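A.B. asks: Sequence:
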Amino acid sequence: MTDSLPDQTHHKWKSVKSGFKLNQLSKPIFPRAMTMPPWQHVYTHQHSWGQLAYTSNGVMTVGTPVGRFVIPPNQALWLPPNLPHEIYCRYGGHFRSVYIDKKYVDILGLHAKLLHVDELLKAMILDICSWGSDYGLDGKTLRFIQVFIDRLEMAQTSTFFIPTAQDKRLIPIISELHANPGNPRTLEQWSEHVGASSRTLNRLFNKSFSMNFSQWKQKLRALRAVEMLEAGQTQQFIAEQLGFESSSAFNTAFKKAFNCTPGQYLKK
1 MTDSLPDQTH HKWKSVKSGF KLNQLSKPIF PRAMTMPPWQ HVYTHQHSWG
51 QLAYTSNGVM TVGTPVGRFV IPPNQALWLP PNLPHEIYCR YGGHFRSVYI
101 DKKYVDILGL HAKLLHVDEL LKAMILDICS WGSDYGLDGK TLRFIQVFID
151 RLEMAQTSTF FIPTAQDKRL IPIISELHAN PGNPRTLEQW SEHVGASSRT
201 LNRLFNKSFS MNFSQWKQKL RALRAVEMLE AGQTQQFIAE QLGFESSSAF
251 NTAFKKAFNC TPGQYLKK
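Numbering of the sequence shown is given in our numbering, commencing with residue 1 and proceeding in unit increments.
Among the clues, some could well be false.
Stated by the list, open to error - SDA-like cross-link-like pairs, simulated, lysine to any residue; straight-line CA separation at most 25 Å:
(1) Lys21 <-> Gly92
(2) Lys103 <-> Trp131
(3) Lys122 <-> Arg151
(4) Lys255 <-> Pro163
(5) Lys21 <-> Gly132
(6) Lys219 <-> Lys255
(7) Lys219 <-> Ile171
(8) Lys219 <-> Glu86
(9) Lys207 <-> Arg185
(10) Lys255 <-> Lys267
(11) Lys17 <-> Gln46
(12) Lys219 <-> Glu240
(13) Lys140 <-> Arg151
(14) Lys122 <-> Asn259
(15) Lys255 <-> Ser158
(16) Lys256 <-> Leu266
(17) Lys217 <-> Thr252
(18) Lys140 <-> Met124
(19) Lys102 <-> Ser26
(20) Lys168 <-> Gly67
(21) Lys255 <-> Asn74
(22) Lys168 <-> Leu220
(23) Lys14 <-> Leu220
(24) Lys113 <-> Leu220
(25) Lys12 <-> Met228
(26) Lys255 <-> Thr159
(27) Lys27 <-> His45
By construction, these hints were calculated from the structure, which means they are not laboratory data. A quick note: this is a predicted structure, and the numbers were derived from the prediction, not measured.
Turn these sequences into a full structure, and let the hints steer you where they fit.
C.D. replies: As structure tokens, then:
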């Protein structure tokens, strides 16, 4: 499904199967709370219901046939029913997932999308995940669920997403840079490696991602930087790992991507 396991050359991921065993939901929504250890990979699986994937701390990467979604704590991912997906959690985190009955698909949509999580939506997700699986369905709970669905429908979407490459000439480049975003190889050097001119490769990047190679690489590094910041890594360390010449250069690139400095991002 995805191009490769992230960082597979630098660390051994622990791959596990999804531990959820129900074949169908017995209620409109179903809470699921668990702690994911560092370097955990959940194999590709799918559900006949929808899912809101969220972490109250830490960052998850979710791979789907359409691409990879990076989920920091201020965002959540809507996964429609029957969409295959796999989960990577490099630094560990508190996974707070809400399974959602397929009757709400007309409201939440047929396509995966990242949603901004404001303080109210965050409080609702955490509250739902404290209910337990045997919660009662009285009038107050049903009204709460409807407001929750309304808030998801109203939430703004995010661009923490990198589509999957389809062209075989791009796949070696995409795979290596997902595993090692600090790789300094230029597009001209890549052209020698994959047997296509740099002009052709740039055209393929624009066709596949609506951005050129340099812009795509900057976005990838910015998303990885968010993951590392949330894990408590220093800006100097992040700059070195992601191939920036200095922490100042990293700061500038981050601000260009997110309209705020790394320090400002962490205070949000």
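A.B. asks: Taking the hints in turn, state whether each one holds.
C.D. replies: Status of the hints after comparison with the structure:
Annotation: proposed proximity of Lys21 to Gly92 holds, straight-line Cα distance about 23 Å (limit 25 Å). Restraint check for Lys103 and Trp131: satisfied, since their Cα atoms lie roughly 21 Å apart, inside the 25 Å limit. Our distance criterion of 25 Å between C-alpha atoms is met by Lys122 and Arg151, whose separation comes to about 10 Å. Distance hint between Lys255 and Pro163 is fulfilled; the C-alpha atoms sit about 22 Å from each other, no more than 25 Å.
A threshold of 25 Å between alpha carbons decides the hint, and for Lys21 with Gly132 the separation of about 15 Å falls inside it, so the pair holds. Distance check on the hinted pair: Lys219 and Lys255 sit about 12 Å apart at the alpha-carbon level, within 25 Å; holds. At most 25 Å may separate the alpha-carbon atoms for a hinted pair to count; Lys219 and Ile171 meet this at roughly 17 Å. About 21 Å separates the Cα atoms of Lys219 and Glu86, which keeps this hinted pair within 25 Å; it holds.
Taken as a hint, the Lys207 and Arg185 pair is honoured in the structure, with Cα atoms around 21 Å apart against an allowance of 25 Å. Restraint check for Lys255 and Lys267: the C-alpha separation of about 14 Å stays at or below 25 Å, so the hint holds. Taken as a hint, the Lys17 and Gln46 pair is honoured in the structure, with Cα atoms around 11 Å apart against an allowance of 25 Å. A hinted pair counts as satisfied when its Cα atoms are at most 25 Å apart, and Lys219 with Glu240 qualifies at roughly 17 Å.
Our distance criterion of 25 Å between C-alpha atoms is met by Lys140 and Arg151, whose separation comes to about 17 Å. A hinted pair counts as satisfied when its Cα atoms are at most 25 Å apart, and Lys122 with Asn259 qualifies at roughly 23 Å. About 16 Å separates the Cα atoms of Lys255 and Ser158, which keeps this hinted pair within 25 Å; it holds. With a C-alpha separation of about 16 Å, the suggested pairing of Lys256 with Leu266 holds against the 25 Å cut-off.
Restraint check for Lys217 and Thr252: the C-alpha separation of about 15 Å stays at or below 25 Å, so the hint holds. Restraint check for Lys140 and Met124: satisfied, since their Cα atoms lie roughly 14 Å apart, inside the 25 Å limit. Restraint check for Lys102 and Ser26: satisfied, since their Cα atoms lie roughly 12 Å apart, inside the 25 Å limit. For the suggested pair Lys168 and Gly67, the alpha carbons sit about 15 Å apart, so the restraint of at most 25 Å is met.
As the CA atoms of Lys255 and Asn74 are separated by approximately 17 Å, the hinted pair is consistent with the 25 Å bound. In summary, the hint linking Lys168 to Leu220 is supported, as the alpha carbons are separated by about 19 Å, within the 25 Å threshold. Proposed proximity of Lys14 and Leu220 is supported: the alpha carbons are some 23 Å apart, at most 25 Å. Pair hint Lys113 plus Leu220 holds up; C-alpha atoms about 18 Å apart against a cutoff of 25 Å.
With a C-alpha separation of about 18 Å, the suggested pairing of Lys12 with Met228 holds against the 25 Å cut-off. Restraint check: the Cα-Cα separation between Lys255 and Thr159 comes to about 15 Å, which is no more than 25 Å; the hinted pair holds. Among the hinted pairs, Lys27 with His45 is consistent with the structure: their alpha-carbon atoms are about 21 Å apart, no more than 25 Å.
The earlier numbered hints are all upheld by this structure, with none contradicted.
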